[in-house]
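Enquirer: Those sequence lines, one after another, are chains A and R. My numbering applies: residue 1 is where the first sequence begins, and numbers increase by one. My numbering applies: residue 1 is where the second sequence begins, and numbers increase by one.
One should not assume that every hint holds.
In silico DSSO-like links for lysine-lysine, alpha-carbon gap of 27 Å or less [what the hints assert, rightly or not]:
no. : chain 1 : residue 1 : chain 2 : residue 2
1   : A       : K248      : A       : K276
2   : A       : K53       : R       : K57
3   : A       : K276      : A       : K237
4   : R       : K128      : R       : K36
5   : R       : K39       : A       : K38
6   : R       : K36       : R       : K57
7   : A       : K38       : R       : K36
8   : A       : K152      : A       : K133
9   : A       : K221      : A       : K38
According to the in silico footprint, chain A covers these stretches of chain R (three or more CB under 8 Å from chain A) [as the list claims (entries may be wrong)]:
no. : segment
10  : 21-35
11  : 54-65
None of these hints come from the bench; they were simulated from the model. Note that this is a predicted model, so its numbers are computed, not measured. For every residue, glycine included, the Cβ atom is placed at its ideal position computed from N, Cα and C.
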Amino acid sequence: MELYSPPDLGGALRFIEHEDKHVTVIASGTDLIPRIRKRQVAPSILLDISSFKEDLRYIRQSGGVTRLGALTTVADLQESPVLDGRLSIVREAAELFGAPQIRNVATVGGNICSASSSEDLIPVFMVLGAQLKLLSAKGARTVPLTDFLVGKRETSMSPSEILAEISFEPPAGHSWTAYEKMGRRNMLIIALVNEALSLTMEDDLLTIHSARLALNRVTGKIPAMAVRTSEFLNGRKATDETIAEAQKVLAAELALTGDFRASASYRTELAQAYLKRLIQRCHRKIEGSS
Amino acid sequence: MTMRVISLNVNGTDHSVQVGPLDRLIDVLRDQLGFKSVKEGCSTGDCGICAVMVDGKLVNSCLMLASQCDGRRVLTLEGLVNDLSMKRLQGSFIANNAAQCGFCTPAMLMASWDLARHKADPSEDEIKVAISGILCRCTGYYQIIDSVREGCKRGTT
Ligand SMILES: Cc1cc2nc3c(=O)[nH]c(=O)nc-3n(C[C@H](O)[C@H](O)[C@H](O)COP(=O)(O)OP(=O)(O)OC[C@H]3O[C@@H](n4cnc5c(N)ncnc54)[C@H](O)[C@@H]3O)c2cc1C
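Can you build the whole structure from these sequences, using the hints too?
Expert: Below, the structure is given as structure tokens:
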């Protein structure tokens with residue numbers, strides 16, 4: 001195995017353009033290094049992008065859009081004053097992520113590109129309607145995060161591309177966002193269920209205008225939007241009856257599998273309980289701030 | 001496999017070391033430079049026993065390639081033996097029986113020292129968060145939590 005550390009981002013893009021398929025990008029390596037050592041992957045060339053902090057580590061806001069460079073760390077998210085209000089969901093997720101030593105290095109880009117159900121930030125960015133900017137030597141393209149994940153550890157990124165930026169906007173109108181994660185202990189844990197909601201109410205503050213719900217698993221082993229449950233909620237009153245019905249819709253929509261961490265039925269019940277909590281948390285916050 | 005030479009400042013001293021592509025920071029610190037306070041536990045980031053400071057941030061040295069540390073500043077427990085805040089923490093760990101087998105102690109001390117830099121009077125929750133990435137298999141943690149609370153207080157021994 002070889003490790004290539006180009007001096008700048010342009011050099012990195014030219015390198016992958018030229019080498020094509022054999023190259024594996026390494027950011028902070030918290031996901032990749034253990035996988036290489038356990039022989040789950042055997043890259044022939046590693047391309048180290050971790051030093052491009054000037055180009056890829058930033059949290060910027062302009063025109064209502066928040067942009068995170070791919071090398072932004074989870075600790076950066078936790079400490080960022082701009083991720084507040086309707087975006088505080090990002091900080092909430094960052095606080096429940098790994099442990100300090102992991103948060104200090106783990107990157108946002110690495111989380112998304114790892115493309116698995118243990119990646120906590122993906123459902124959060126999904127409900128915010130995140131867009132990803134992919135760079136190659138030929139130029140840039142933007143894809144919605146929901147189209148980016150194609151399967152477990154599979155993305156729609158081509159071998160000559162690097163994820164450069166994640167951008168999103170807070171939901172407009174009477175809206176709020178919230179996040180819940182359950183593991184087998186509080187810290188340093190892979191989520192059994194990880195659920196994010198963005199809720200927007202009509203002017204009456206009682207009718208749901210639109211809901212966006214995402215979980216770490218819906219039918220496959222990757223994070224996804226719970227489209228049917230989200231659609232079910234649209235236009236309904238945020239009452240206990242609606243929530244109870246939505247919980248049934250969610251149970252029918254989910255096709256979870258059990259493993260050594262938890263059974264499928266336990267995960268489903270958790271997801272239902274979280275749905276209720278998330279709707280109530282968002283609704284209360286919207287009522288309180290309007 | 002191509003070897004390369006990297007420069008690393010450890011505890012204030014510059015070193016040039018030759019590393020392979022998959023050598024990790026922990027390998028260089030322990031095997032090449034002899035900083036044995038850095039322990040290897042799980043090698044997957046879960047036990048935190050290899051924690052050191054890199055450019056002022058607590059990190060697991062088993063999850064970092066040595067090449068990625070080229071030109072950076074590393075601090076291990078050996079570099080803090082004369083540090084006042086570290087001495088207070090060490091004294092408090094001894095007084096409260098916070099070390100049994102001692103394997104996690106260097107990492108616990110590094111994480112506590114990092115906390116003490118920011119908080120003179122941390123709450124129990126803040127202490128728990130600060131040491132949450134480090135596994136202790138002996139104590140049940142409360143002796144450690146008490147030690148950290150006491151050791152963070154400035155102006156005591
Ligand atoms: C002890 C421990 C605890 C953890 N806890 C959590 C947790 O609570 N929640 C959670 O979500 N995750 C957790 N993780 C997983 C991991 O830390 C995160 O997914 C992290 O965000 C990955 O970022 P990285 O920079 O380390 O990625 P890397 O390991 O460097 O890369 C991960 C993958 O993404 C690719 N990649 C990275 N950056 C880019 C880019 N810019 N462009 C293209 N491809 C790229 C790499 O090729 C690789 O396949 C934990 C890991 C450990 C070891």
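Enquirer: Are the hints correct? Go through all of them and say.
Expert: Here's how the hints hold up against the structure:
1. K248(A) x K276(A): holds (11 Å)
2. K53(A) x K57(R): Holds. K53(A) to K57(R) sits at ~16 Å (cutoff 27 Å).
3. K276(A) x K237(A): The given pair, whose Cα atoms are some 14 Å apart, holds under the 27 Å limit.
4. K128(R) x K36(R): Distance of about 26 Å is within 27 Å: holds.
5. K39(R) x K38(A): Distance ~19 Å between K39(R) and K38(A) Cα, so the pair holds.
6. K36(R) x K57(R): Since the Cα atoms of K36(R) and K57(R) sit roughly 20 Å apart, the hinted pair holds (cutoff 27 Å).
7. K38(A) x K36(R): Satisfied, since the Cα-Cα distance of roughly 24 Å is no more than 27 Å.
8. K152(A) x K133(A): holds (21 Å)
9. K221(A) x K38(A): Holds, at roughly 21 Å.
10. 21-35: holds (count 3)
11. 54-65: holds (count 8)
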